[in-house]
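Visitor: Each chain, written out:
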Amino acid sequence: MANLTINGKTLTLDVEPDTPLLWAIRENAGLTGTKYGCGIAQCGACTVHIDGVATRSCGVSVAEAEGKKITTIEGLASGGTLHKVQEAWIAKDVPQCGYCQSGMIMAVAALLNEKPKPTDADIDEAITNICRCGTFQQVREAIHTIASA
Amino acid sequence: MNKHVSPKMNRRAFVIGTAAVGTGLAIGLEIPFGGPAVVRAADGSPEIGAWVVVRPDDTVVIRIARSEMGQGSLTGLAQLVAEELECDWSKVTTEYPTPGQSVARKRVWGDFSTGGSRGIRSSQDYVRKGGATARVMLIEAAANEWKVPASECTVARGVITHKASGRTTTYGKVAEAAAKLTPPADVKLKDPKDWTIVGKGLLRLDTADKTTGAMTYGIDVKLPGMLNAAIKDCPVFGGKLKSYDEAKITGMKGVKKVVKVGDTAVAVVADTWWHAKTALEALPIVWDEGDNAKVSSESIAKWLAEGLDDGQPAYVGNKNGDAKAAIAGAAKKVEAVYSYPYQNHATMEPMNATAVYTADKCEVWCGTQNGEAAFAAVLEASGLPAEKCDVHKVMPGGGFGRRGQTDYVRQAVMIAKQMPGTPVKLLWSREEDMAHGRYHPITQCKMTGAFDANNNLVALHYRLSGQSILFSLRPEALQNGMDPAAFQGVAQSGEAAFGYSVPNLLVEHAMRNPHVPPGFWRGVNVNHNAIYMECFMDELAQAAGQDPLEFRRKLMGNHPKHLAVLNAVAEKIGWNTPAPQGVYRGIAQVMGYGSYVAGAAEISVTEGNKIKVHRIVASTDPGYVVNPAQVERQVAGSFVYGLSALFYGGCTVKDGKIEQTNFDTYNSMRINEMPKVETVMVPSGGFWGGVGEPTIGVAAPAVLNAYFAATGKRIRSVPLRDQNITFA
Ligand code: FES
Ligand code: FES
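Residue numbers (the working numbering), protein chains in the order written: chain A, 6 to 154; chain B, 1279 to 2006.
Treat the hints with caution; some may be incorrect.
[Unchecked claim] Just the calculated beta-carbon pair ranges, DEER-fashion:
#1 B:E1937 to A:A126: 31 to 41 Å
#2 A:K74 to B:D1638: 45 to 55 Å
#3 A:A126 to B:G1479: 26 to 36 Å
#4 B:A1382 to A:T10: 45 to 55 Å
#5 B:A1492 to A:A126: 32 to 42 Å
#6 B:D1549 to A:K74: 19 to 29 Å
#7 B:E1937 to A:T10: 37 to 47 Å
[Claimed, not checked] Taking lysine-lysine and the DSS-like style, the derived pairs with C-alpha atoms no more than 27 Å apart in a straight line are:
#8 A:K97 to B:K1850
#9 B:K1500 to B:K1534
#10 B:K1478 to A:K97
#11 A:K120 to B:K1954
#12 B:K1954 to A:K122
#13 B:K1954 to B:K1991
#14 B:K1954 to A:K97
#15 A:K122 to B:K1890
#16 B:K1666 to B:K1500
#17 A:K120 to A:K97
#18 B:K1458 to B:K1441
#19 B:K1991 to B:K1888
#20 A:K89 to B:K1478
#21 A:K97 to B:K1369
#22 B:K1425 to B:K1451
#23 B:K1500 to A:K14
#24 B:K1639 to B:K1534
#25 B:K1518 to B:K1534
#26 A:K89 to B:K1954
#27 B:K1520 to B:K1932
#28 A:K120 to B:K1890
It is worth saying that the hints were derived from the structure and are not from the lab.
It should be emphasised that the depicted structure is a prediction, and the values quoted were computed from it without experimental measurement.
The beta carbon of each residue, even a glycine, is placed where N, CA and C say it ideally should be.
Let's have the full structure, built from the sequences with the hints guiding it.
Guide: Below you can see the structure in the form of structure tokens.
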């Protein structure tokens, strides 16, 4: 049993403490927006915010995440309003298959929190998610659109 | 020692192949457009022909048979239907018919297969007719109600008007009456110059859910009482499962069952996938690896190299004059050997499928590029007849050709069959996905070019040695043993025709099929053929002391469309003006999937081995552009796929197994490595070419040719990782 605070709700989940947070989120909390791509912290598909920091949830155990504030893609919008990154992603038609985009959006949201007007170099450094469809050009354009809004 | 693929795999391929060409399941391809008996969608709204459903609130539901996997053709196909239907685009939504429904209706929606960049080009004609047919019926229904000739009625955005009497109505209001009409025998399609929806860079219809986590991919499917399965297949292709020690994991948390899957694999079924995977890793397994365990990358390379020798038999794919004689008598000759490795598709979402089996029904939910092939796999694996099976397509997290295969669907059914009534979701780990791909075929190529005394290219001998995809996956498509697709990009004619005229030409393929299963890998045989030919073209230009662009142009007089895209990139990149300080250029062109494409790269190189790709200009002539915004995305994405392949994409074989296990050993480029891609579309009309794949072919040779310009070094094998060349 573990208590995880996900998207503002504290859930008591029947999960072993050494389970990767990714699988606790997907299978025990039932929030499948967070994706599995590699399981070894390489691809970024599983990115969530832990206490506001973009984190690859496949590389964090449930025990480590207990007591912290976890935000998943499902919790990024507040109330009925989409986050500005989600809005820009829709307006700029960023996703192709979309599978990497939950993680991509979470990584970008964290970057913009820290640096509201990131340079290309900031983007290059902070956004290291894999996108096999190759949406990088649209990702970069959308970030700059948000930053210049 | 290199074994040909096993007969078992051929039999499997045969079932899929027959489904794909429509002889296995189909009663014949018919495109009926409704009929006097009204067919209703699930919500009760009437069909106006099989492609269009109109709801009372004027919403138009467009049926899409091909699979969306990120390439955008769901939106493009809807645009084509909506264009002819003259409906209100803001009221368009889409749905997938299931393959089971299609088969039950004599394949009313035609081919479901989505590969070969065919999604739009192979269905554009009949889906447009579907839209036009519905329009005619809807107008006729309004005209009947008003008792006026249909010819006096017009329609715009789903509103029908009879001008003389000033009456108007909407599609939603006349849909019921329209559904009862007999469809017209023939309809006339619009002239492309009158298009208002096709040709526009409209936003995709399926984006919102991809930004909120709400989109359901195969991995996200949830069914009541569902269990989860993790699987291991024999890591040596062609090997078998010998035994496993189930007692070692019984009692592990969540484990429900351990099952054998065919002759080659074992799966653990548990409450959660994490429990299933953890238990599977703890399960002692003994494999019967067989003779293929002796195969390595080195043994394959040696075998392929032998095939480059003229003395070995080869299939001739393109020929004119007498290349060998002309080479023998030439003033000067140039020779080079290139090679291309195995590569995994590495779709972002690993393979998975969810199946539920009872004696009366077998249903599967999965991402697939070919709903009908998946359906055929369900039939075969379940042993049930077509009317008791179905496949529900969900969004795939990438396809790139991998999800045209159905191995994972078959496995899911084989597991579910051992637990009747319980839905089971089978998910491959990334490691399983890396170990059991359907890899980009492995080849080598020896090219010899010969010049006369005036540096005119008089002969070219292009000799491929290596793997045939069709041999393994569609043996029925071989032509007297020859794989015609092996010549994509260097073929005599057709949708992947060679773009140069050489007086004496010999293009041949010494087929060698190692045991590693090949597959259709986005771009397929165009990828290596374009690298071989376009890099060698640069070598020939250098030998002739000529500019690479000018040298090509001289050979392209009879190939105006190939030349037009090449000229377009040359102009846009400023080929005839100096590049910025320290920046070097490379250029390449190829034809594939019915489209003409070219690419030009600007790169800089530091320390001799660190490449920065600054800028890419890509040109494409697909005949018609349905959605320029999506074409742009496919072109830019093609450079990510193609340059990832060039820099990082290599799967090596040791002891018969693939050595790479995950993205740490099989990397993919990131945003910091992404060049700016400028797309130039030059649609010349009159034909329909594909978009998703052809551009990949020019990505690598444009960069490799620029690398030569920068360093004077020719790179003749992929990936650059293995030559200690990286992104800067
Ligand atoms: S799944 Fe966590 S980084 Fe890939
Ligand atoms: S959109 Fe498909 S992997 Fe990024």
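Visitor: Determine for every hint whether it applies to the structure shown.
Guide: Status of the hints after comparison with the structure:
Separation of B:E1937 from A:A126 is about 35 Å and conforms to the stated range, judged on CB atoms against 31 to 41 Å. At roughly 48 Å, the beta carbons of A:K74 and B:D1638 sit within the given window of 45 to 55 Å. Our hint of 26 to 36 Å for A:A126 and B:G1479 holds, since their Cβ atoms are close to 30 Å apart. Range check, B:A1382 to A:T10: Cβ separation about 49 Å, and the 45 to 55 Å hint holds.
As the Cβ distance of B:A1492 to A:A126 is approximately 33 Å, the hint placing it in 32 to 42 Å holds. Evaluation of the 19 to 29 Å hint for B:D1549 and A:K74 yields a pass: the beta carbon distance comes to about 28 Å. Distance hint for B:E1937 and A:T10: a CB-CB separation of about 41 Å, consistent with the stated range 37 to 47 Å. Distance hint between A:K97 and B:K1850 is fulfilled; the C-alpha atoms sit about 25 Å from each other, no more than 27 Å.
Under the criterion of a C-alpha separation no larger than 27 Å, the hint pairing B:K1500 with B:K1534 is consistent with the structure, at around 18 Å. For the hint linking B:K1478 to A:K97, the alpha-carbon distance of about 15 Å falls within 27 Å, and the restraint holds. Of the pairs offered as hints, the one joining A:K120 and B:K1954 holds, with about 23 Å between alpha carbons and a cut-off of 27 Å not exceeded. Note on B:K1954 and A:K122: the hinted pairing holds, with a Cα-Cα distance of about 20 Å set against a maximum of 27 Å.
Taking the CA atoms of B:K1954 and B:K1991, the gap is near 25 Å; set against the 27 Å cutoff, the hint holds. Taken as a hint, the B:K1954 and A:K97 pair is honoured in the structure, with Cα atoms around 17 Å apart against an allowance of 27 Å. For the suggested pair A:K122 and B:K1890, the alpha carbons sit about 24 Å apart, so the restraint of at most 27 Å is met. Of the supplied pair hints, the one linking B:K1666 and B:K1500 holds, its CA atoms being roughly 21 Å apart against a limit of 27 Å.
Between A:K120 and A:K97, the direct Cα distance comes to roughly 21 Å. Compliance with the 27 Å bound is thereby established for this hinted pair. At most 27 Å may separate the alpha-carbon atoms for a hinted pair to count; B:K1458 and B:K1441 meet this at roughly 25 Å. A C-alpha spacing of about 13 Å is found between B:K1991 and B:K1888, which places the hinted pair at or below 27 Å, so the restraint holds. Proximity of A:K89 to B:K1478 is assessed by CA-CA distance (about 26 Å); at most 27 Å being required, the pair is judged to hold.
Note on A:K97 and B:K1369: the hinted pairing holds, with a Cα-Cα distance of about 20 Å set against a maximum of 27 Å. Straight-line distance between C-alpha atoms of B:K1425 and B:K1451 comes to about 16 Å, which keeps the hinted pair within the 27 Å bound. Taken as a hint, the B:K1500 and A:K14 pair is honoured in the structure, with Cα atoms around 22 Å apart against an allowance of 27 Å. Of the supplied pair hints, the one linking B:K1639 and B:K1534 holds, its CA atoms being roughly 23 Å apart against a limit of 27 Å.
Annotation: proposed proximity of B:K1518 to B:K1534 holds, straight-line Cα distance about 24 Å (limit 27 Å). For the hint linking A:K89 to B:K1954, the alpha-carbon distance of about 24 Å falls within 27 Å, and the restraint holds. Of the pairs offered as hints, the one joining B:K1520 and B:K1932 holds, with about 21 Å between alpha carbons and a cut-off of 27 Å not exceeded. At roughly 26 Å between alpha-carbon atoms, A:K120 and B:K1890 fall within 27 Å of each other, so this suggested pair holds.
Every hint from the earlier list agrees with this structure, and none is contradicted.
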